[in-house]
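Peer 1: Take a look at the letters that make up each chain.
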Amino acid sequence: MEIFKQTNFDFLGKKWPFITLSLLLTAAGLISLAVKGGPKYGIDFTGGALMDVKFQKRPSAEAIRSALHKSIPGEIEVQEISGTQEVFISTGLNGRSDQVLQDVRGRMVSSLNTAFNPNQGDKLDINTAGQSALADRLRDPLAQAGVGLTDDQVNDLTKQITTFRDTPPRSGLIQNLDQLSGVPGMNPKILNVIKQQCYGGAFTVRNVQVVGPKIGADLRRQAIEVVLWALAAMLVYIAFRFEWIYGVAAVIAVFHDTIITIGLFSLFNKPVDLTVIAALLTLVGYSMNDTIVTFDRVRENLRLQMRGSFRDIVNRSINQTLSRTVLTSGLTFLTAISLYLFGGQVLNGFSFALVVGIIVGTYSSIFIASPILIFWKDLVEKRNRRTGSGVRTAPVAEPQVRPAVSAGKGVARPVR
Amino acid sequence: MQRHIRFKFLLILAVTLACIFGIIGFPKNMTELVENWHKNIHLGLDLRGGTYLVVQVQQQDAFNADAGARADALKEAMRKAAVQFNDVDVQDAHTFQDATHVAILVRGVPATQSGTFRGIVGEQFSAWQLQPQNATDYRLTMRPTEALKLWQNVLAQTKNTMDKKINALGLSEASVQQRREDADSQLLVQMPGVDDPGRVKQILQTAAVLDLYDVKAGPFAGRDEALAQNGGILPPGTKLIGQPADPNQRAGGVYVVTRTAVVRGPDIRDASPEPGQLPGQWNTKFVLSQDAGRRFESYTGSHVGQRLAIVLDGRVIEAPVIKSQIRDEGVIEGQGTEQNAADLSLNLKAGSLPAGVIFLQESTVGPSLGADSIRDGFAAGIAGVLAVVVAMLIYYKKSGINATLALVLNAVILIACLSWFDAVLTLPGIAGIILTIGMAVDSNVLIFERIREELRAGKAVIPAVDTGFNKAFLTIIDTHITTVVSCAILFAFGSGPVKGFAVTLVIGLIANLFTAVFVSKVIFDWELSRPQPVTALSI
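From first to last, the protein sequence lines stand for chains A and B.
For the first sequence, this note's numbering puts the final residue at 416, and the numbers step up evenly by one.
For the second sequence, this note's numbering puts the final residue at 539, and the numbers step up evenly by one.
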């Protein structure tokens, strides 16, 4: 099966609509960034607290906010995760006292408890209890009820119970204590004791992130710096392997992809956190890979001394690699999209960045990196013609290298 | 030619087997296989659930305490040498960055005695630098080398104590590390699978400094009253402790106690919870070390009828009257639940923290979320790889098998390397694996498209395959090295998650050079090495 046999699309002739689109997207992203005062950083970069709470039946965002209002100073954001009973509760802690930061989790849980688990007496909430707390709670009542279990057996039993609770499909929440009859080692007598001592609370805390503002700022600065250094290193390497303008073009293209992706995050109001940085690194790698494949072909064709202008050669190179580009992008896109669809909420921001990045990254090699290359070569040529100096007559790297293409072997040879 | 291929084939087989062994060992049955898998593949906290804490050690506490003790010693030495002075004061450091700038201020030393004073400082306080402020006042600061020593000691001791606490909690996989090389005094606590992080934080944060003081007078309702009773100044060698009396609390009150404690935290040998007199009320019993026990015995023997203050982290827990001589045991009452009493005994046994700690960062992934992430991530991974394999088989027919084999082997090598290096697989690591798969697919596609081009140009099958591989190799090398170069930067300057990404990606890319370029070529060669000439290639 083949999609493209021998294409000859005039990509570079149609570059303007695409470059305009790029500029529009970049502008939209930048405007959104400017209006919102920079990207919406996740709490790992700004400092603050984020809790992922799963309810049996999700209360309204307003109810949650008012439950937390008293114990947590400052603005509380409640974001419902569609298709689930979960919410993300977040609060920025900028400028707030260290004391709040130390115990934000405790405060949140106890406020939620007061609001959503009323009238349970001194029973233990089996959905928020840890294994050792559960064991401490059950040890004596079990003995009193005549269930002869050693301490180790009680520990094993409670471990089984918490594991049972935390594995899908329960995923953290026991709705009805009778569900526990599915736990290995359970019997009606034990279950009875558990029912006397515990209840299935209305929520469980699935994830907590608390970050001090200073460490957040540190992480952010470091992440940005390291990405810029990595880009610089790639530029130097490509400049060394090709020509410096190739490196510049490739880095501008990658930069373009990153800006657009971050802009889209801003437009969709998605937070940029450490996971998204990982995704951005991936897309930088991906886009760079794509650009180099095209440039590599350009270099090879130049060495073959193809006829036609530099622009024609680049266009032909894009066409020659088109089938590979489409196929690779398509296949990687399959991976990214399956991650986006099935990867779960932890991977959501990450896979979103990948999906966007693959599309933008593929297209930027053709419509951003290549035109920059041509633009520069034209400029140099024009200047040379004007000054009359023949220093850089042709954009060909080393015309004296004439490879014998038709020979079966030995085509691969070191460049320069 | 044939032998050449056989040799290469054996090499590939050996690598494959070694990798599979690295991942699952020699399992005898299914359960053992799963067990080995879990033993060899370490999932990060973000994937399997657990808690990650960044702890800031409040170095200034230790420096202030040290300066305080030295200031006392200096006063003593000056009195002994009959050097006059108005007062000796400590200028406390308030943040951990300032800790090393803590200073002792000495005021009012007569100019005539400056020589003697300098002599004392030079002899007994060599860790401190003397800076005259004017004719009679001096300022002592810690020498940088000594400050650095103390700083590192405090950090190491804090790390040690936390280690002990974590071990006592039975968190076998947990670890405490210094966060960065530079002297920012932060510790990183990683606790996989912990399900009650609130309690652990509480325990880690408790300094657990237990002091037993000889009470000279008290209790008083407040500091002012205590001072008034003593005519405005405290007797030499004593200090005030405790908080103003609160009618709701049993143990309120301010006491005048000797400056140095009879027994200090490190003197404790053992501690355990025990039931109190009221049901549901637990106490913590402690046993002193031999040496401290002897001191305590003689002290309690000579102080029967007087009060002894039990002070935990600066709070007076109680100040009972000594009824008879006590050898080496004591009880801290009123600890509430059994768990609280047990936690306190754990803290007492682990030893006290030399300085306070605050948490800069907490990240807890609940076990249920961890389980969900693993399930979802696994499903997504399988779906993604299946989609890629099916697409390649449709598009490249039989040659797609080649690519699939190379891809699978790449994944196997990558996972085996992670297991050999004891690397921890985190979310950014998975990002690295995804990019690896992307680039591995790309390498195969590059090669196959080149072969197709050569075939289209009218070449015979064998030269077409050779040329295709050779030409694509140049491109593959360039894309791979560029990425490796950027990974080197990410690894050198990045922090934890970014490093994880770089490591998996580099391993994946090296594995890919082996599989996509070498293994795939060997399979082609093998297919094309049949005796009858091959005229068509399924690609």
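Calculated directly from the structure, the hints in this document are not laboratory data.
Accuracy of the hints is not assured; some may be wrong.
Here are the simulated SDA-like pairs of lysine to any residue, each with C-alpha atoms no more than 25 Å apart in a straight line [said to hold, decoys possible]: (1) B:K499 - A:Q222; (2) A:K159 - B:Q229; (3) A:K57 - B:V304; (4) B:K397 - A:E243; (5) A:K159 - B:G22; (6) A:K123 - B:P275; (7) B:K323 - B:F359; (8) A:K270 - B:S495; (9) B:K499 - B:G22; (10) A:K159 - B:W37; (11) B:K499 - A:K189; (12) B:K499 - B:V484; (13) A:K159 - B:G198; (14) B:K164 - A:G185; (15) B:K397 - A:A217; (16) A:K214 - B:G22; (17) B:K164 - A:D136; (18) B:K39 - A:E243; (19) B:K349 - B:L150; (20) B:K459 - A:Q6; (21) A:K189 - A:G148; (22) B:K521 - A:Q222; (23) A:K123 - B:N167; (24) B:K398 - A:V326; (25) A:K123 - B:A342; (26) A:K159 - B:Q186; (27) A:K214 - B:K397; (28) B:K459 - A:W244; (29) B:K397 - A:N319; (30) B:K349 - A:A133; (31) B:K459 - A:K189; (32) A:K70 - B:V484; (33) A:K214 - B:F493; (34) A:K40 - A:A28; (35) A:K159 - B:S172; (36) B:K521 - A:S171; (37) A:K382 - A:E243; (38) B:K499 - A:A133; (39) B:K499 - A:A217.
Peer 1: Run the distance test for A:K159 versus B:Q186: straight-line Cα separation, threshold 25 Å.
Peer 2: Roughly 33 Å separates the two Cα atoms, so the pair is violated.
Peer 1: Between the alpha carbons of A:K189 and A:G148, is the straight-line distance 25 Å or under?
Peer 2: holds (11 Å)
Peer 1: Does B:P275 lie within 25 Å of A:K123 when you go C-alpha to C-alpha?
Peer 2: Holds, at roughly 21 Å.
Peer 1: Would the pair B:K499 and B:V484 pass a check requiring their Cα atoms to be no farther apart than 25 Å?
Peer 2: Holds, at roughly 13 Å.
Peer 1: Take the C-alpha atoms of A:K159 and B:Q229, compute the straight-line distance between them, and say whether it is at most 25 Å.
Peer 2: violated (58 Å)
Peer 1: Hinted pair, alpha-carbon criterion (25 Å max): B:K499, A:K189. Please report holds or violated.
Peer 2: With Cα atoms ~52 Å apart, B:K499 and A:K189 exceed 25 Å; violated.
Peer 1: Does B:K499 pair with B:G22 here, judged by a C-alpha cut-off of 25 Å?
Peer 2: holds (23 Å)
Peer 1: Keeping to a limit of 25 Å between CA atoms, is the pair of B:K164 and A:D136 held or broken?
Peer 2: holds (22 Å)
Peer 1: When you check the alpha-carbon spacing of B:K397 and A:A217, does it fall within 25 Å?
Peer 2: violated (52 Å)
Peer 1: For the pair supplied as a hint, A:K159 and B:G198, is the alpha-carbon distance within the 25 Å limit?
Peer 2: holds (18 Å)
Peer 1: Taking 25 Å as the top limit, are the C-alpha atoms of B:K398 and A:V326 close enough?
Peer 2: Holds, because 20 Å separates the two Cα atoms, which is no more than 25 Å.
Peer 1: Check the hint pairing B:K521 with A:S171 against an upper bound of 25 Å on the C-alpha distance.
Peer 2: violated (46 Å)
Consistency with the previously given hints fails for numbers 2, 3, 4, 5, 7, 11, 14, 15, 16, 18, 22, 23, 26, 27, 28, 31, 32, 36, 38, ordered from lowest to highest.
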